[in-house]
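Take the given structure of chain A and dock chain B to it, following the hints.
Heads up: the protein sequence lines correspond to chains A and B, in order.
With the first letter of the first sequence counted as 1, position 242 gets the number 241 in numbering that gives the first Met the number 0; the numbers rise by one all the way through.
With the first letter of the second sequence counted as 1, position 19 gets the number 18 in numbering that gives the first Met the number 0; the numbers rise by one all the way through.
Please keep in mind that the hints were generated in silico from the structure rather than gathered at the bench.
As the structure is a computational prediction, the values presented were derived from the model and not from experiment.
All C-beta atoms in this analysis are idealised placements derived from N, C-alpha and C, irrespective of residue type, glycine included.
Treat the hints with care, as some may be off.
From the structure, some residues in chain A lie toward chain B, with a derived Cβ separation under 7 Å [unchecked claim]: (1) L99; (2) R106; (3) D118; (4) E120; (5) D179; (6) R181; (7) V192; (8) R222; (9) D341; (10) A346; (11) G348; (12) P350.
Over the 10 Å line for every Cβ pair with chain B, so calculated as not near, a few chain A residues [unchecked claim]: (13) R153; (14) P210; (15) D251; (16) D255; (17) G275.
Simulated restraints on C-beta separations [as the list claims (entries may be wrong)]: (18) A330(B) x A109(A): 58 to 66 Å; (19) G197(A) x G89(B): 52 to 60 Å; (20) P216(B) x A346(A): 52 to 60 Å; (21) A109(A) x D251(B): 56 to 64 Å; (22) A346(A) x R144(B): 49 to 57 Å.
Read off the chains here:
Protein chains: 2
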Amino acid sequence: MPAGPAASRRVLGRRGLLLGGAAALGGGAVGALGATASAEPPPAPVAAAPQGPVGADAVPFHGRHQSGITTAPVQAHAAFVALDLRPGSGADDVARLLRLLSDDAARLTAGRSPLGADDPELVALPSRLTVTFGFGPGLFDAIGRPEQCPAVVRALPAFATDRIDPRWSGGDLLLQVCSDDRLPLSYAVRRLVRDARGVATVRWTQRGFGPARGSEPAGTTPRNLFGQRDGSKNPEVGGALDDAVWVRDGPDWFVDGSMLVLRRIRMDLDVWDDLGREARELSVGRSVGSGAPVTGGTEFDEVDPTAVDGDGFAAVPPAAHALRAKARGPAERMLRRGFSYDDGPTADGAPEAGLLFAAYQADAATAFVPVQARLAESDVLNLWVTHTGSAAFAVPPGCAPGEYVGGRLLEG
Amino acid sequence: MPAGPAASRRVLGRRGLLLGGAAALGGGAVGALGATASAEPPPAPVAAAPQGPVGADAVPFHGRHQSGITTAPVQAHAAFVALDLRPGSGADDVARLLRLLSDDAARLTAGRSPLGADDPELVALPSRLTVTFGFGPGLFDAIGRPEQCPAVVRALPAFATDRIDPRWSGGDLLLQVCSDDRLPLSYAVRRLVRDARGVATVRWTQRGFGPARGSEPAGTTPRNLFGQRDGSKNPEVGGALDDAVWVRDGPDWFVDGSMLVLRRIRMDLDVWDDLGREARELSVGRSVGSGAPVTGGTEFDEVDPTAVDGDGFAAVPPAAHALRAKARGPAERMLRRGFSYDDGPTADGAPEAGLLFAAYQADAATAFVPVQARLAESDVLNLWVTHTGSAAFAVPPGCAPGEYVGGRLLEG
Chain A
0 MPAGPAASRR VLGRRGLLLG GAAALGGGAV GALGATASAE PPPAPVAAAP QGPVGADAVP
60 FHGRHQSGIT TAPVQAHAAF VALDLRPGSG ADDVARLLRL LSDDAARLTA GRSPLGADDP
120 ELVALPSRLT VTFGFGPGLF DAIGRPEQCP AVVRALPAFA TDRIDPRWSG GDLLLQVCSD
180 DRLPLSYAVR RLVRDARGVA TVRWTQRGFG PARGSEPAGT TPRNLFGQRD GSKNPEVGGA
240 LDDAVWVRDG PDWFVDGSML VLRRIRMDLD VWDDLGREAR ELSVGRSVGS GAPVTGGTEF
300 DEVDPTAVDG DGFAAVPPAA HALRAKARGP AERMLRRGFS YDDGPTADGA PEAGLLFAAY
360 QADAATAFVP VQARLAESDV LNLWVTHTGS AAFAVPPGCA PGEYVGGRLL EG
Chain B
0 MPAGPAASRR VLGRRGLLLG GAAALGGGAV GALGATASAE PPPAPVAAAP QGPVGADAVP
60 FHGRHQSGIT TAPVQAHAAF VALDLRPGSG ADDVARLLRL LSDDAARLTA GRSPLGADDP
120 ELVALPSRLT VTFGFGPGLF DAIGRPEQCP AVVRALPAFA TDRIDPRWSG GDLLLQVCSD
180 DRLPLSYAVR RLVRDARGVA TVRWTQRGFG PARGSEPAGT TPRNLFGQRD GSKNPEVGGA
240 LDDAVWVRDG PDWFVDGSML VLRRIRMDLD VWDDLGREAR ELSVGRSVGS GAPVTGGTEF
300 DEVDPTAVDG DGFAAVPPAA HALRAKARGP AERMLRRGFS YDDGPTADGA PEAGLLFAAY
360 QADAATAFVP VQARLAESDV LNLWVTHTGS AAFAVPPGCA PGEYVGGRLL EG
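So that you can see chain A by itself, here it is in the shape it has in the complex (with noise of 0.2 Å):
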């Protein structure tokens, strides 16, 4: 039951908001946008804002972790592609071709042509380029080692507000690659799927945008296309995030690396737009402008489930999307790394948009699932957003020079 118009005009007062319609609120269309975790100082600017030109910067791709995942701040840009192994591929396959894209991915990211290639001009300003993989159920298979694919990974549970669309699902491989500049990106994908063809289709291209680069301060909270800052409660870089995002328990393999679930969730702009401003703020429970508590502070604020009003009613609904999203434990953290996308408008002049929902966890299962079914039983948010796509992919660690990603795997 997609939320309408009418089901969503149901709520635009603050009364009805807080008088119980918002609790019986799941059963709509289910999001994690702007979604909060327990109480910690905000997090410190992680780069000076660009002076003067900055296209040659460069991210390196060796490393213990895969870089593209903590890589801050996001970058501008990104294309998130899932390769499918063509029927009949093995371990040897697999080997060959993941061998092949990290060395395209070491040479691409430090502002290279890949091997067999002669385009310097291309990727000459990388742009902080990255290339992240990461693995589907079916890669798992096709090598005979289905067993090491963790079960989260294999299947995400289906939430009752699911409307998943197959054709923005799912994936034997994924490459995530991020840039602030367009034309390395488009470079390294159509390098990267090039070298890729002899083994494996594309199943989808979703692409991806948060703000250019120097457009803000450093350490500003991106916006998503509702005009929330979006990410205020990222664990901290240090000690928490790196709890949240890295395995530490797992085989071999699988140390060092990590989780993504990536979910494309469609906005409903059309009703959000005929929303009044408070509706909107009393839905997330925090002001649009500021991303502050509605109830006041600062953005990095919690926001207070037992404020009260002047007439002692609540001052924020129960199924506010930041109540409902707030971890409720570390095993429940995750780094959003989401990007805007606008596919619209349609013919009819309707927008299609939203955002691709990103989220890179030690462990999905006890992180997106459990907040994620939480969002589904009941969030005001719920009415104005769609999961229309969803796959997850277990993130190999990363790899030294000579190495590559998922060696461990394939060779342990």
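Below, chain B alone, put in the same frame as chain A:
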């Protein structure tokens, strides 16, 4: 007869290109990339590299000319949205539409919500947002002034090398929306289209990109997906640019306007990839890296058709793109303001990418048409580019506060 790999391999060799093979290349697809014009000094840098946050930068909407034409440097992102008027629309409908959209555009480009909207956060950082309107033949017909539509806008000639797909062609009213940031661009398109929905439907939308702002030093010529610098020979800011772009002789409503020709040019990147560097450079007559003529010099020097190599052979193929595209006089000059597009890869991993060639000129009949006719006749690049979309628009002059774009036509 789109050129395939076999055709292109015929000219892989330098001798093949030089000894007549290339002279017979008309009949393939046609490009107008990296085109050249009469000799003139390099353009002066037009803006300093950004220092610190630049999101608040705004381009005035009101003025003698519309913005988004000579606005420099070209913004990083563009959306071209072609609208068709609903059947039965008349002059009153069109006037009301243009008045509303002009008001929207004035507010949005200044970083403010349009009337009836309450989303200051989504456009507070316009990042040099511009909105430019162009009128297609159907608009002139709808308002009962068909004779006011320039003949070349009503019907561009068909070129032998065209492979035009109607879904990227035509349109009654063009919105060209540009910004350095995708968020305000997305918002502006959404609001403009929403306000147009009562009177118009969306015929097509095409999105393109250029270099991210701040990635390169100011004044650097952008590169296309072939890696070539594209636009090196654009008219320099000042008299040459004004002469090339702005309508001087014409009906009152059109003076200080321009004409836009938008061509979707697909690049056969797989085949281009397989070319050696020398063949790529000879096909254009210029070095890919520097943009300088293959016979030496700098990016802004002309290619010399009479140069010979040590053996006395022509140093540049007579059908090299730079020689064929060079303006034969001032009337052929135009301002190239194109953007790359990338809608790929296809399911089988093939690229689906190229150039949204956008050229502004005082009269397309004396500029784009003869240049493109020459390229269609013979241009080595025809082997790797195909025109798959085509649209032309009369671009009215700008307006003052309180007026609207097209007012002099509608109320003239």
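Would the hint on A346(A) stand, with a C-beta cut-off of 7 Å toward chain B? holds (5 Å)
Cut-off 7 Å, beta-carbon criterion: hint that E120(A) touches chain B: holds (4 Å)
Go through the hint on R222(A) and say holds or violated, using the shortest Cβ distance to chain B against 7 Å. holds (6 Å)
Per the hint of 52 to 60 Å, is the separation of the Cβ atoms of P216(B) and A346(A) within bounds? violated (42 Å)
Just tell me: holds or violated, for the beta carbon distance of A330(B) and A109(A) against 58 to 66 Å? Violated, at about 47 Å.
If I claimed the Cβ atoms of G197(A) and G89(B) lie 52 to 60 Å apart, would that claim hold in this structure? For G197(A) and G89(B) the Cβ distance comes to about 58 Å; the hint holds.
CB-CB spacing for D251(B) and A109(A) relative to the 56 to 64 Å hint: holds (57 Å)
For the hint on D341(A), just tell me whether its beta-carbon gets within less than 7 Å of chain B. It holds, given that the least Cβ distance between D341(A) and chain B is near 4 Å, below 7 Å.
Far enough from chain B: is every CB of that chain over 10 Å from the CB of P210(A)? violated (6 Å)
Given as non-interface: R153(A), partner chain B, CB spacing beyond 10 Å: Given that every Cβ of chain B is farther than 10 Å from that of R153(A), nearest at about 24 Å, it holds.
With 7 Å as the cut and Cβ atoms as the points, is R106(A) at the interface with chain B? violated (15 Å)
Going by Cβ atoms only, is G348(A) closer than 7 Å to chain B? Holds: closest Cβ of chain B sits about 4 Å from G348(A), inside 7 Å.
Against the hints set out earlier in the document, violations occur for numbers 1, 2, 14, 17, 18, 20, 22.
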